[in-house]
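Given the sequences, and given the hints that come with them, work out the whole structure.
The listed protein sequences derive, respectively, from chains W and Y.
The first sequence runs 2 to 250 under my numbering.
The second sequence runs 636 to 955 under my numbering.
Honestly, the hints are just simulated from the structure, not real lab data.
The model shown is predicted, which means the values in this text are computed figures rather than measured ones.
All C-beta atoms, glycine included, are put in the ideal place defined by N, C-alpha and C.
There's no promise every hint is true.
Among chain Y residues calculated to face chain W with C-beta under 8 Å, some are [as the list claims (entries may be wrong)]: (1) Thr637; (2) Phe665; (3) Ala668; (4) Ala669; (5) Gly819; (6) Gly889.
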Amino acid sequence: MLELRGITAGYDPRDPVVRDVSLTIGDGEAVGLLGPSGCGKSTLARVAALLHRPDAGSVVIDGEPARGWRHRAPREQRTAFGVVFQQPRQSADPRLRLRDLIAEPLRATGRRAEADTRVGELAPVVGLSAELLARRPHEVSDGQLQRACVARALVARPRWLICDEMTAMLDASTTAALVGVVEAYRRESGAGLLAVGHDAVLLERWCDRTVRWEPLTRPFTVSRGLRPRTPGPQTPDGLNTVPVIRVTQ
Amino acid sequence: MTTVLSVRELSVRFRMPGGRHVAAVGDVSFELAAGECLVLVGESGCGKSVLASALLGLLPGNAETSGEARLGDGLELLSADERTLARTVRGRRIGLVPQSPAAHLTPVRTVRAQLAETVRELTGARGAALAEAVEAAAARAAFPAGHLDRYPHQLSGGLAQRAATALALVGDAPLLLADEPTTGLDRELVDRTADELRRHADAGHALLMITHDLAAAERIADRVAVMYAGRVVEIADAAVFFGAAGPRHPYARGLLDALPERAFAPVPGMPPELGALPAGCAFAARCATPKEACEAVPALVDGVACHHPHRPLAEEASRA
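In structure tokens, the structure reads:
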């Protein structure tokens, strides 16, 4: 089970973007988290993947509370997660050939010996030919690079997958192909999934259950020297440009 | 209807080191009338954006073009010199609504300053008339006047998109070119952005929108052109394409079937490299029913470039 308990997180402790959010994902369960852009769902996904230290609250992975974040996370907890981000260009080291990009998690955790076999297994699954594996990110399309990023997330056989807007940049066919790859891995490994996105049709088709962002948070707005705002990160017409402070009641 | 843009057998290829060539766009032809919205769909790397760059004369130096792209007033874009393009085309005859507006706007100047510069350059307005024209330009794109003194980083994705659209509309160009205007926006903003673009088409602009988002295409398109491996493989009325009859090219049918609200099944395989296109039909390797005829490149006949296009059942029966 992956438990997020009372998570408050953000980039300014006085104005957190995630406030007292709890979410539990069962073993092997696929949960879709739906919310508009800028609501804080990506920050929550980063907390769940141990990539962002929350200001308050705890992450409990299979009964064990997370003991550190980012590079300070213990290796067995850190490698329990595979993460796919929205923008493959920004999450790929431009110097690495796709083959090395995919193998990087194994190299970084002392499992170099498995690298060739594992990359060999995954490449046909995500649809990358030997010729593409030898290229660097600037020599492939966004769709091809995201295929490599999905392979990278699966290479160390994680128990949990966090997909943050994995398909937002992709066409319909590549989207369906990559969701298929993730689901095939989950069937074979029993891994759980947190898929974050704004496309309700996609997440409802993909996941066992979907959770909307708004009911997860308990917003109460006060103005910061500006006119009072309606609750929630976005005003009804979506113009979320005025800073909003939310505090729990 | 008056034709605003007429593209005839437009091809673009890039010269690469070692004498190789990458054929990014091949033999594309279409016409676009005032008040009409043509949406060009296709996966990343299929040549959509190269086509847009070709129309604006923004191709890199190693590009070779052939064919023609003629504006309604007779100007041929591919052979026009840089001076003509810079002074009379970009912003004046073609307005560009860019991908990622946040990157398109200048980060160190307010929206008002950027709009004012554009209005001054394009209309020559000065002083009080300029200030008025700036507010009017913002209003046309539904950009709230109260946000004009903000810097781009203070704007949400939706407002940045409106600011960029406002800039594109200043010159009152007959042709609007929107290159992936909705990428990375959430569904609500995609719908709003698409609707706003549609409104400008209804106001008399010709709109060419390039996107991989089929939902946005369905929302606003009058006609849909599907691009695959640099070629338009199907061009159809949006109502037929998204309706019960559906598209006729197997790739277009596969793209629609990949939608999560439909079969959610991908088109098998990946598109060919533009630098190493097969001799025959570029889709044959992924096609469920390739035939011998597919060893030749199919011509675009009657809106579809396929040797064995899908036929609606009624038509099939009437042939039998």
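Each hint, compared with the structure:
1. Because the smallest distance between the Cβ of Y:Thr637 and any Cβ of chain W comes to about 33 Å, over 8 Å, the interface hint for this residue is violated.
2. Taking 8 Å as the C-beta cut-off, the interface hint given for Y:Phe665 is violated, the closest approach to chain W being about 20 Å.
3. Checking Y:Ala668 against chain W by beta carbon gives a least distance of about 27 Å; that is not within 8 Å, so the hint is violated.
4. Look at Y:Ala669: its Cβ only gets to about 29 Å from chain W, farther than 8 Å, so that hint breaks.
5. Taking 8 Å as the C-beta contact cut-off toward chain W, the hint placing Y:Gly819 at the interface holds, the least distance being around 6 Å.
6. For Y:Gly889, the interface hint holds, since its Cβ comes within 8 Å of a Cβ in chain W; the closest pair sits about 6 Å apart.
Hint check: violations occur at hints 1, 2, 3 and 4; the rest are consistent with the structure.
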